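Taken in sequence, the protein lines are chains V and C. Per our numbering, the very first residue in the first sequence carries number 1; after that it's consecutive. Per our numbering, the very first residue in the second sequence carries number 1001; after that it's consecutive.
Treat the hints loosely; a few may be bogus.
A short, non-exhaustive set of chain C residues, derived as facing chain V with CB atoms under 7 Å [stated by the list, open to error]:
id, residue
1, Pro1014
2, Val1016
3, Gln1096
4, Ser1131
Just so you know, these hints were derived from the structure itself, not from any lab. Being a predicted model, the structure only gives us computed values, none of them experimental. No residue lacks a Cβ here, since even glycine has one placed at the ideal position from N, Cα and C.
Protein chains: 2
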Amino acid sequence: MKIEAVDFFYLSMPDVTIAADGSQDALLVRVAAGGHIGWGECEAAPLPSIAAFVCPMSHGACRPVAASVLGATLDGPESITRIGARVERDSMDLLQAAHTFSGIEMALWDLLGQHRQLPVWKMLGFEKATSKIPYASLLFGDTADETLARARKALADGFSAVKFGWGPIGTLDAAFDADHFVAAREGIGNDGHLMVDVGQIFVEDIEAAAARLPALEQARAHWLEEPFSGHAFEAYADLAARSPNVGIAGGEAAHNIAMARHLMDFGKVKFVQIDCGRIGGIGPAFEVAQLAQVRGVTYVNHTFTTHLALSASLQPFAGIADDRICEYPANPSALALAVVANPITRNLAGEVFAPDAPGLGVKVDTDALKPYLVDTEIKVGGKVIYATPSLG
Amino acid sequence: MKIEAVDFFYLSMPDVTIAADGSQDALLVRVAAGGHIGWGECEAAPLPSIAAFVCPMSHGACRPVAASVLGATLDGPESITRIGARVERDSMDLLQAAHTFSGIEMALWDLLGQHRQLPVWKMLGFEKATSKIPYASLLFGDTADETLARARKALADGFSAVKFGWGPIGTLDAAFDADHFVAAREGIGNDGHLMVDVGQIFVEDIEAAAARLPALEQARAHWLEEPFSGHAFEAYADLAARSPNVGIAGGEAAHNIAMARHLMDFGKVKFVQIDCGRIGGIGPAFEVAQLAQVRGVTYVNHTFTTHLALSASLQPFAGIADDRICEYPANPSALALAVVANPITRNLAGEVFAPDAPGLGVKVDTDALKPYLVDTEIKVGGKVIYATPSLG
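With the hints as constraints, model all of the structure from the sequences given.
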């Protein structure tokens, strides 16, 4: 098959706030080849990601992503790897390229799965999809009482694992944060997995992060996520050495395999969290899951948006039975909910599986998306090089 | 002062080819504050970089670069650091942000220098600018004879140091490359510094890179630059251990301080090459130069474009006497030559200095740029959020 068309759709809620809720907008990608359609999603700023696909070439090592994708041959998984390597080479100096290609790569897997009538995880070599414990991914409240209420709601909603992130944590003192950790544990009860995500708030300040460890231990936090900026491997390793009980987690910022490998090898994380919508897609994420297994590191998906992204993010570790926990968007925006007509629901035991259906196994509901479509046009040198395509 | 305006100008040669000549287009930034004007340049794909400045916010950690810059207070170097930290935090999930901000950061230094009537390097704390040996930065020819001719021309042009890069090197076998290395040495004569840049061609293939070492040694190459992709620290370290005589160089891909630090600490490079137009500007580059000194690593600028970029890239190590060599664009495009009315010329001894004049000390020739201006417009939700501004 030849890749005939790649269409980007910029979707947004009518009002976007400064909350750390990544589901307020979305960038979907539709790929057409050989009479099939595949869908993917970039976990990225929509406009710069579209620009990285359509922009004029700057020079041989700064070509638009389109140059590596449109017209390329798609015969199997090895074609996807080859196209990805070409993007890395020919768009070497285009920083945004990895985010742009991530959604395309997912769509290529989805399309190939339609063509072969196989789930993506089978094409990756897994024999069966193993059950995952979905954790409700929630934001901390502004007050400990709010955090408590959200934790109680998650428990009532049947989640046995909950992650709280962002909000005011790290912006005041350790005692303030401790109240939130206690509230979160109280709300989810004694048995549940509790995870805490502080969204890089301490940048590279090891002492500030370490000051939160006693309260995290007391709340029996399963992990502390992203204490530092994504490249601060040395700080990660220092904190890991000081935290025998609460594992350090990170990786969502990885925009290539090496960054994730370094976070494990130099940063000594116990949990590596990969966003397929940023690292270059499902193939690179699968490779990280393999590297993690060899190292005794637990692989976890990073997913805060749609069930299209959720399906894609489950594929790389769909059949790794030991990697039990998966992130599950528990309170996404109306837009994120609208994307998929057949979401990945929990079974009676509260578990989820990567869909056992061709490709990514989710149906994008193009009609439901129409109200969220952001009309966008880019003109360069008098020529329209991008205009929002029709959702069909 | 308050930052009142930030204007981006996308410039391009009429025809852009797949040659690795990064001077075929340019993205200039003009900043206005307190009655002063500053200029900077992103070494980046113009359209995605503009998009990263003007795009609508996706969420609190994915805001456009504009949100951190416009209206911000500029009182001194510490203001620039503060604004940079804000971009890193609030545009955390916007990969292209570092490239976009790099040009703005330079312009802020330039503007502050106009205001204080001081060269940037004095504001960085250097007492005097020390002389640098400029190396002519050239592309390998398609044949060894072409490489020989280019090397002879560089020598005739008075360059005692020459770097050859890209072209066919690494795409065929080691013997083919060896012919080019021999030709380059022959052309520049026995005394000159010869550097070789292979533009990440070996990705992570250590054996392929190592196969080139004997010929590089024989040609007395001062360094081998970018044998691997920018994040392949382990491969860099492996090759460094196998190359006692030819130092390994790299760093131009660094889009933050940590990446450059890791290339030194984990990658064991002997030369760290920083592009101020990618790493976040002059401040982060200065910090890398300081880190390099402590480690006994030589700091070198990466500059293949204009003398605006050249001035900016000289500032971070302007007063470090031991860092003697600097990259100097020897064969840039007509566009790159047009940008600055008062280029940084070599003295009679063939050396260059960072300009001893306020700010970056170069005068952007707006009239000369007009023929290269690429008319660009971005519309989102029916509103024009970017249109090429007037060069004045």
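To see whether the hints hold, each was checked on the structure:
For proline 1014/C, the interface hint is violated, since its Cβ never comes within 7 Å of a Cβ in chain V; the closest pair sits about 10 Å apart. For valine 1016/C, the suggested interface contact is upheld, since its CB lies about 5 Å from the closest CB of chain V, less than 7 Å. Because the closest C-beta pair between glutamine 1096/C and chain V is about 4 Å apart, less than 7 Å, the hint holds. Interface restraint check: serine 1131/C against chain V, minimum CB-CB distance 30 Å, threshold 7 Å, status violated.
Of the numbered hints given earlier, the model fails hints 1 and 4; all others are met.
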